[in-house]
Every structure is written in structure tokens, then in C-alpha cells.
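Novice: Sequences listed follow chains X and C, in order. Be aware that the first sequence starts at 53, since it is given in this note's numbering, and climbs by one per residue. Be aware that the second sequence starts at 18, since it is given in this note's numbering, and climbs by one per residue.
These are calculated hints, taken from the structure and not from any lab test. Any given hint could turn out to be false.
Straight-line C-alpha distance at most 25 angstroms; calculated DSS-like pairs for lysine-lysine [to be verified]:
#1 Lys109/X x Lys291/C
#2 Lys134/X x Lys84/X
#3 Lys219/C x Lys109/X
#4 Lys59/C x Lys56/X
#5 Lys84/X x Lys204/C
#6 Lys211/X x Lys84/X
#7 Lys59/C x Lys55/X
#8 Lys84/X x Lys55/X
#9 Lys198/X x Lys204/C
Each chain is listed here by its residues.
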Amino acid sequence: MAKKLVTLTVNGETHELAVEPRELLIYVLREKLRLTGPHVGCETSHCGACTVDLNGKSVKSCTVLAAQADGAEITTIEGIGKPDALHVLQEMFREHHGLQCGFCTPGMITRAYRLLQENPTPTEEEVRFGISGNLCRCTGYQNIVKSILAAAEQMNAMKEAAE
Amino acid sequence: MIPANFEYYRPDSVAAALGILQEHGDEARVIAGGHSLIPMMKLRMAEVPHLIDLQAIAALRGISIEGGTVRIGAMTTQNELITHDDLLQAAPILREAALQIADPQVRYMGTVGGNVANGDPGNDMPGLFQALDASFELHGPEGIRSVPARDFYEAAYMTAREDDEILTAITFARTSGGYAYEKQKRKIGDYATAAAAVLLTKEGGKVATAAIAMTNLSDTPVFCADAAGALVGTECTTDALAAADAAMQAVIDPMQDNRGPAEFKRHVAGVILKRAILRAWSRA
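This is chain X alone, in the form it adopts within the complex (with noise of 0.2 angstroms):
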């Protein structure tokens, strides 16, 4: 089969790329830009370890064939903060301790990080809601909640800070 050429926007950088038409977005992410934040959890599209935004949608890029993102501009969490520049969302999950082990992290954020962009002020509900493509082994969740409020608490303050 021939490979076909695909143009990535991701985290700002474009990249042009030759991939089978089989490659699935997130090995593409991981193993040809290495972009590792992103975690594989499953193989049946469930845990959303795998999620990263792209075109402005939260997607399981698992479960999107490269290809099919050729022309997209994607977001991962390596392009939503930096070690020396978090997100609020980044610094929230560590202060409120929504994370263990780390491995749906990436995920949970970027998933996160487009809830805010739809909703900045959701409830415990809909913040519960929103992330359910999201699987946790290790926080029991609720730390996680606490965490994405905490954000949009603070996210909503800089905003009329800076009005």
C-alpha cells in the first residue's frame, strides 16, 4: 500500500509526514514526533489516555487513523504547558493531588482542558459528566473533580482580572 503524505499542525509545529494509511494518530504522535504524553490504555477506545484536541475537539487519537488528521492542528499536553510554565489546569492537578501514577494525566487534562473551553463554570456534575471518556486507575476521581474546579475557579478569575 502506498504511504501517503500527511501535514500535522501539533503544538504550533507543522509537520509533514509520510504514513501508512493504517497508522493510528496516537502512534504517529508518539513514535514519529515523539510526543509520549499521550498514553495507549486500551484497544477498544475506552480509557481516553489516548486524548489530545484536535481541530478544537477533545478526540481518543487511538481511534483516529493519521489520515484522517491529515490537515489538522492538534494539541497534546506536551503543547498545553511547559515544566516552566504550567497550565493553570496543569498546577491544579498537582496541588489538589489529581494524579498517582500519571498514565492518564496527559489525557485527563487535555480533556479537561477543552470542558473549560465549553463550559467555564461547571458543576461537580457536569465536570463528572465531561470527563467520562476519561478512565482513572489510581485517584478514585474525586481529586481529579477537585482539581478541574480548582482550574476553572482560577481560570475564571484571571479572566475578569484581566477585563
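Dock chain C against chain X, hints included.
Specialist: Using the frame of chain X, we list chain C on its own:
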């Protein structure tokens, strides 16, 4: 996890997509949101030598509501159904049902056309569209034909769509009155143990019209004409609910699986149907 390889196409018109389908026959399949097909390809339960991505076909997108008719392009995502305010006015049962399908990520990608064309009895939209008496528009080499949702499903993964046809849109009449989509499931993202779609209208304090369909209780969705008929002219009393349940039980045929034995599913189906009817009644 690793699909077999294939050729990938991204046509920008229905005609071009049909051309590729015709050229490759049953070696070709269309991909919409990919959230049923890619999982099957990853498990090698589906092998598709020629994969036709419909994402670039603008004619397959969008929701239009003109007069009393709602038309939803096949590539409209579940998330678009949920966030479309005019659709919420025209047929609120769609948002209620879509919010019970899968999870946020899957709803950004999964499409209404893929949900109904897939043919998996676990999908929620097929029964819902049977209750709505929707029609599915199919484009094939001979042109366009329309198949009622109530005639579309033949068996698990078997539908009235021919291999060289593409399901392009779904149409149905704007709804009025009460509605409910009630689904029992083990967890978020699970297919139903049992689910019921109920629409009813009220006149003079009694049920004037009703439509009922059940999900995942047979190898197809189950349209329950007699169960709906048992409600008409009643005030949804205990007796009417019992009659509707009995009529529904006569046409479902649940199979044992991890969600439970057939007897349990029959019990759940009864509970779910009753809840759905009462919620629809309270909204009528």
C-alpha cells in the same frame, strides 16, 4: 490494536465516493466518525482494503429544519446534535438520547449516519429513529431512494442498504408532545441492557398518539406498534402500562450476554419502558 493496511481515499463529493465504492465492490467501505469501524479494524474483525473517508463531503453535514421537516446530514456528529438549539426545539428527544451515547470524545467524532447505518443492535439511534418514523436517504449508482427506519433493519449488521449505497441523510417530522429516551446501562459508554424511546401526544387528558421502540433487546431495534397502541386513549394508568409492557414483551427477543440473562433483560425492559412512558407523559 493494529489494523491491516488499506488504501485511503478522501473524496469531496457523494458522486466521487460512489465511484470508488463501485470500482472496488465489497472490498471498499466508507468511514464516517470511525468510532465503530476503526475499533473493528484494530481487532481485525473488519478488513477493508479500500477505505473511503467521507469527512470532506460538505453535502453530508448540517441540520436543517424547514416547515415541519427536520433533515440531518449523515456526517453530523453526536456532539452537533447535542449543541444544536433549533434541533432541541424541533425534536428534544435527540439531545436526551445523544447524551446517553458513548462519551464526550466519541460524541465529537461519531456521526448520526454511522450510528444508524452500522447495524449493531447496541446502537441507540436506530430505535429512536423508528419511534420518530424517520426515513433514511440512500444514494446509490441508480440515484436516491428513501427507506423508512422501521423497514431498514434486517438482522445484526444487516440492513436494507446495499454495498454500493451511502446513507446520506435522515429526515423526520418535527415532534410535539412528550418524549423520553430511557436507557439502562452498566456504565458510561456501554450499550444498553435495555433502552426505550417513547413519544406521545395528549388530547383531552388522554394519550392521543404514541410511538415506542426498544433498543438492544433483539438482533435489530424493535418498533412496538402494539405497545404504543395500548396507551392510546388512556391516562397512562397502571393497567395501560401493564398492557404496553405485555405488548412490548411479545416482540422483543433478548439474548444472554455479559449484561445478563434474557429473563433479566425482559425485566429491565419492562422497568425502562414504564419509566420512559411516565416521563414522556409528564412532558406531554
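Novice: Which earlier hints can't be squared with this structure?
Specialist: The structure breaks hints 1, 3, 5 and 6; every other hint is satisfied.
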